[in-house]
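These protein sequence lines are chains A and B, in that order.
Residues 1 to 442 (our numbering) are what the first sequence spells out, left to right.
Residues 1 to 319 (our numbering) are what the second sequence spells out, left to right.
These are computed hints drawn from the structure, not numbers from a lab.
Here the structure is a predicted model, which means the values were calculated and not measured.
Please note that a few of the clues may not be correct.
Cut-off 25 Å, straight-line C-alpha distance, at most; resulting in silico cross-link-like pairs (DSS-like, lysine-lysine) [to be verified]:
{"hint": "1", "chain 1": "A", "residue 1": "Lys391", "chain 2": "B", "residue 2": "Lys175"}
{"hint": "2", "chain 1": "A", "residue 1": "Lys65", "chain 2": "A", "residue 2": "Lys138"}
{"hint": "3", "chain 1": "A", "residue 1": "Lys92", "chain 2": "A", "residue 2": "Lys138"}
{"hint": "4", "chain 1": "B", "residue 1": "Lys146", "chain 2": "A", "residue 2": "Lys315"}
{"hint": "5", "chain 1": "B", "residue 1": "Lys296", "chain 2": "A", "residue 2": "Lys315"}
{"hint": "6", "chain 1": "B", "residue 1": "Lys296", "chain 2": "B", "residue 2": "Lys119"}
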Amino acid sequence: MKTICFYFQIHQPYRLKRYRFFNIGRDHYYYDDYSNEDIMQQIAARSFIPANRMLLDLINTYKGKFKFAISVSGVALDQMEVYAPEVIDGLKELSRTGAVEFLAETYSHSLSSLIDPVEFQSQVQQQTQKIKLLFDQKPKVLRNTEMIFSDDIAEMAYNMGYTKMVSEGAKLILSWRSPNYVYKSENQPNMKLLLRNSQFSDDISLRFSDYTWKEYPLTAEKYISWIAATSPQEEVFNIFMNYETFGNLQPAHSGIFEFMKALPKFAFDKGIEFSTPSQIMDTHKPVGTVSVPLAISWSDEERDLSRWLGNKLQKSAFNTLYEISERIRLANDRRLKKDWQYLQSSDHFYYMSTKHFYDGSMHSKFSPYQSPYDAFNNYMNVLSDFIDRVKAQFPDSVDNEELNSLLTTIHNQEREIKKLQSELKKVLTENEEKLVEKTPVK
Amino acid sequence: MNTNDLGCLEFSGRYPNNILEETNNYSIVTGVIARTYEYDIIHAHDWLTYSSGLHAKNVSGKPLVIHVHATEFDRSRGKPNPTVYGIEKNGMDHCDHIICVSNLTRKTVIENYHQPEWKVSTVHNAVEPLSPEIEAIERISNVKEKVITFLGRITMQKGPEFFVDAATQVLRRTKHIRFVMAGSGDMMNQMIRLVADRGIADRFHFTGFLRGEQVYEMLKSSDVYVMPSVSEPFGISPLEAMQCGVPSIISYQSGCAEILNNVIKTDYWDVDAMADAMYSICTYPGMAEFLKEEGKREVDSIVWEDAGKKIRAIYDSLV
Chain A
1 MKTICFYFQI
11 HQPYRLKRYR
21 FFNIGRDHYY
31 YDDYSNEDIM
41 QQIAARSFIP
51 ANRMLLDLIN
61 TYKGKFKFAI
71 SVSGVALDQM
81 EVYAPEVIDG
91 LKELSRTGAV
101 EFLAETYSHS
111 LSSLIDPVEF
121 QSQVQQQTQK
131 IKLLFDQKPK
141 VLRNTEMIFS
151 DDIAEMAYNM
161 GYTKMVSEGA
171 KLILSWRSPN
181 YVYKSENQPN
191 MKLLLRNSQF
201 SDDISLRFSD
211 YTWKEYPLTA
221 EKYISWIAAT
231 SPQEEVFNIF
241 MNYETFGNLQ
251 PAHSGIFEFM
261 KALPKFAFDK
271 GIEFSTPSQI
281 MDTHKPVGTV
291 SVPLAISWSD
301 EERDLSRWLG
311 NKLQKSAFNT
321 LYEISERIRL
331 ANDRRLKKDW
341 QYLQSSDHFY
351 YMSTKHFYDG
361 SMHSKFSPYQ
371 SPYDAFNNYM
381 NVLSDFIDRV
391 KAQFPDSVDN
401 EELNSLLTTI
411 HNQEREIKKL
421 QSELKKVLTE
431 NEEKLVEKTP
441 VK
Chain B
1 MNTNDLGCLE
11 FSGRYPNNIL
21 EETNNYSIVT
31 GVIARTYEYD
41 IIHAHDWLTY
51 SSGLHAKNVS
61 GKPLVIHVHA
71 TEFDRSRGKP
81 NPTVYGIEKN
91 GMDHCDHIIC
101 VSNLTRKTVI
111 ENYHQPEWKV
121 STVHNAVEPL
131 SPEIEAIERI
141 SNVKEKVITF
151 LGRITMQKGP
161 EFFVDAATQV
171 LRRTKHIRFV
181 MAGSGDMMNQ
191 MIRLVADRGI
201 ADRFHFTGFL
211 RGEQVYEMLK
221 SSDVYVMPSV
231 SEPFGISPLE
241 AMQCGVPSII
251 SYQSGCAEIL
261 NNVIKTDYWD
271 VDAMADAMYS
281 ICTYPGMAEF
291 LKEEGKREVD
301 SIVWEDAGKK
311 IRAIYDSLV
């Protein structure tokens, strides 16, 4: 019985405003509100809101047999709360149908899994808490930022309590094998994996409106027939894409909404179902293991980390950022913690990429900066100010561990004092009469 | 015609006050040479030689290519000397092809000199690879601060006052940076006064004119090279700086910005952006190292052979 597993990803970063070095130490607000608001509202109007409506209609039409998964980063949710709350309302309705599974990911859409396990865990916790709060679901399947996956990450995820993950069906890890099965991690056999079928996914998200593509125009009937034509043992079709495919990456006039609306009918006609990742991994046995010593992702031809950490600028910024992670975890300042979340978004590093800089191709479409140097410069200025603020709370002269132990001591002493105070109060009230001075009776 | 007692024309060997007379004499001599020898193409560089080129063309009937390294518009920042403009326009009107050193210059030629587009091509300059002696020059640094250098003629076209303004911004807020303005020119005294006015003279230094190897010594001892030109037809000095492994900041209004990627580009008037870039290279080691390595790699691939090939193709099309 073939089944399609759709998964849509929603993310928008908090873009930084133009922040010059002379703002360091003076200006502690880093974000380009105008730009973030403008972009979020545009994308909501073009993509998220009509897509939410379309998917809700499909669920209702097929009485819950049409199912899929969604994952939203915490940072995107923060922005939507302020700039486009209708999107959250739409997602809430989708969640209430019971046909939509929300996945777990990092709050900031960050690369913390690559450098700081404690931060990674904290990020995932923060995000799942938010999802529970807004959509009343406790995510069971983990999706790391940009599908970044490795054996180490599998191990970390398992230690956090997850036994199911989704990632990219990269040739590097599958070689001749097909992504249309459930796999498990070789390193951590308790971790089940669903791997994205990049060909079928990109057919919709990248090639749908490309009229030079030999399969243009893509109709729902044709697409389903391809899936139906695969060998009978291949049962699982993982179609993972950015939610903005509907309306933004593939504009409405390309017919993407009509395509999607027609899809379930053709699928059901051929006996193909729709499932959520949890359902699939609970009911299917893994057919093999994958070993991923070096991290993969769903980005670019190489399916690796080069888009975010490919050059010296990116690496230096990344390392500088995470050097301060222990210290910021000790802080209690809410503003600082929020800034810490927003500065970790992988997009900041993405803008510093020099990969396609020389041919000026797709990179420039998504970056608010003129050049990768501009991106690096701006980010580092902001980071410098942020680091100064963290250090102002906890000065450099005190070492991290020493600091930690001092704080713990202070905390314990506080507790002790409280305990003693309440004991004292108890004793005093019991023996009040004995303690009151007897005034001499004249 | 003023001949000396041997019947020869005298040339001063530099740019004298009677320069128009000298160029005229030069073209007379050219006519004599043109009648004597056989050749296929005449190639004249900049306005000083245009009249000679035209004379040679009239004499021999061979095609004339003129090479525009700079126009009067660039030199005078919009207010050209009418005589020089006349000579330049005359040369462009009567030649067979015009080669410019950048798209910026090409645009000026097409728009301000009213030349047809098909007649004008761009062949970007390149840079000679460093000789081993120059490669061997070591960095001289007696100061522990980072050094930011402006190296060029201190004249209106090169935008020195923007460099001073950006330096002021940086120096007011940092302690670990020093500035150097190397070279001389008609605006040098004005710049010295400006620096004193801004109160940054303790960390802003002038070297005067640098000769030969001194230029490379200066470059190698710098941490940043800045060229805030208002209108630079090409500008080979940033390439030389990149060869010495110095991260560079150039203006969008220079010709070399068209072919360089591993430099920081700003508008010449955007003092804030320039100051920010200066601070960034001096403070974030990732930025400095990246620009240094990638810059050297990029400049090593810019060779004169490519320019030569393009010019050869133009010659072939004319003959």
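Run the structure past the numbered hints and jot down the numbers of the failing ones, going up.
Those not satisfied come down to hint 6.
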